[in-house]
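Please construct the entire structure, taking both the sequences and the accompanying hints into account.
Per the numbering used here, numbering through the sequence shown is continuous, rising by one, with the last residue being 320.
Where hints are given, some of them may not hold.
As the list claims (entries may be wrong) - Pairwise CB distance ranges, derived in the manner of DEER restraints:
#1 T276 x G91: 18 to 28 Å
#2 P241 x L20: 34 to 44 Å
#3 A203 x A246: 14 to 24 Å
#4 G141 x T260: 19 to 29 Å
Honestly, the hints are just simulated from the structure, not real lab data. Heads up, the beta-carbon is just placed ideally off N, CA and C, and yes, glycines get one too.
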Amino acid sequence: MKAVAIQTFGSPEGLAVIDLPAPTPAEGQVLIATEAIGVGGVDAVIRSGALAAYGFAEGHIPGGEVAGTVTAVGDRVDTSWIGRRVWAFTGTGGGYVEQAVAPVEEILPLPADLSAVDAVTLGSSGVVAHFGLSHAHFAPGESVLVRGAAGSIGIMTVQLAARRGAGTVAVTTSSAERGDRLRELGATHVLDRFGEGDEDAPAGYDVIIDVVAGVDMPSFFAKLNPNGRMVAVGAVGGQPPADFGAKMMADFQKSMSFATFSAATVADADRRAVRTAQFAAASRGELRTVVHELLPLEQAVPAHRKMDAGEVFGRIVLTP
1 MKAVAIQTFG
11 SPEGLAVIDL
21 PAPTPAEGQV
31 LIATEAIGVG
41 GVDAVIRSGA
51 LAAYGFAEGH
61 IPGGEVAGTV
71 TAVGDRVDTS
81 WIGRRVWAFT
91 GTGGGYVEQA
101 VAPVEEILPL
111 PADLSAVDAV
121 TLGSSGVVAH
131 FGLSHAHFAP
141 GESVLVRGAA
151 GSIGIMTVQL
161 AARRGAGTVA
171 VTTSSAERGD
181 RLRELGATHV
191 LDRFGEGDED
201 APAGYDVIID
211 VVAGVDMPSF
221 FAKLNPNGRM
231 VAVGAVGGQP
241 PADFGAKMMA
251 DFQKSMSFAT
261 FSAATVADAD
271 RRAVRTAQFA
281 AASRGELRTV
291 VHELLPLEQA
301 VPAHRKMDAG
311 EVFGRIVLTP
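Pasting the structure below:
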């Protein structure tokens, strides 16, 4: 089968199409003929080599979510899965392939009218957005700023915050055109990447959901209201400065909070319940998935170039 692997850490050119034997599902696993493969921000971070210290090595196959049809199952897996269309989480890699394996507890059947492409656009990002807002103790009527709103996590956070009754949903993004599209999804104020550019925007926010992190993250503490909460749900802009907490300490009397959030800390049953509900909502048209571009699996390099250049609005999806 065809697969895409990281031959050399660094630029997108380090990705290469390779041939691998078709995998056999082990006990507790299923084999999926992939129809759609999500390209996530974490894939680009891993490819860059920034996470090599965490055990990622050259030769790694990126990709954490796929959708397709189950073609085989391992021992102790119900054979009725065979032939069913599913979404699957493959972990921190293993998704950029024509045939993927996934633990049976990490697959979910797709509604008949939800496409594989929509499933990988929503599957992981919707769960992060939902529980990221919960981690921030967001309550209806509060003001929310989504930093880095043009990616799939940001887009879902905007929609969910609006649906859950946010008083204000501000976004940071790189262009007026993207801002207009985010307004269509529920944003009420559009700011530039530094959180400026809208005179009518609130001076402060109760909740900031940060997908970016990076060197500019500490400056956004100044945009938190008293008792405000910032939750970092991603780090597509790299790690923040080592002393980023100094900004919070300088405004000690505002009682601000900062937290990170990873969906890995959510119970399997809770992730499954939320994902099932979101798939159903998307199939009814209540949640919108935004696909930037469909590209063949063999074009993973240009897909990652677009990611690195910040050109992507929504999600790029690879198709075998």
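How the hints compare with the structure:
no.	hint	in the structure
1	T276 x G91: 18 to 28 Å	holds, 20 Å
2	P241 x L20: 34 to 44 Å	holds, 40 Å
3	A203 x A246: 14 to 24 Å	holds, 22 Å
4	G141 x T260: 19 to 29 Å	holds, 25 Å
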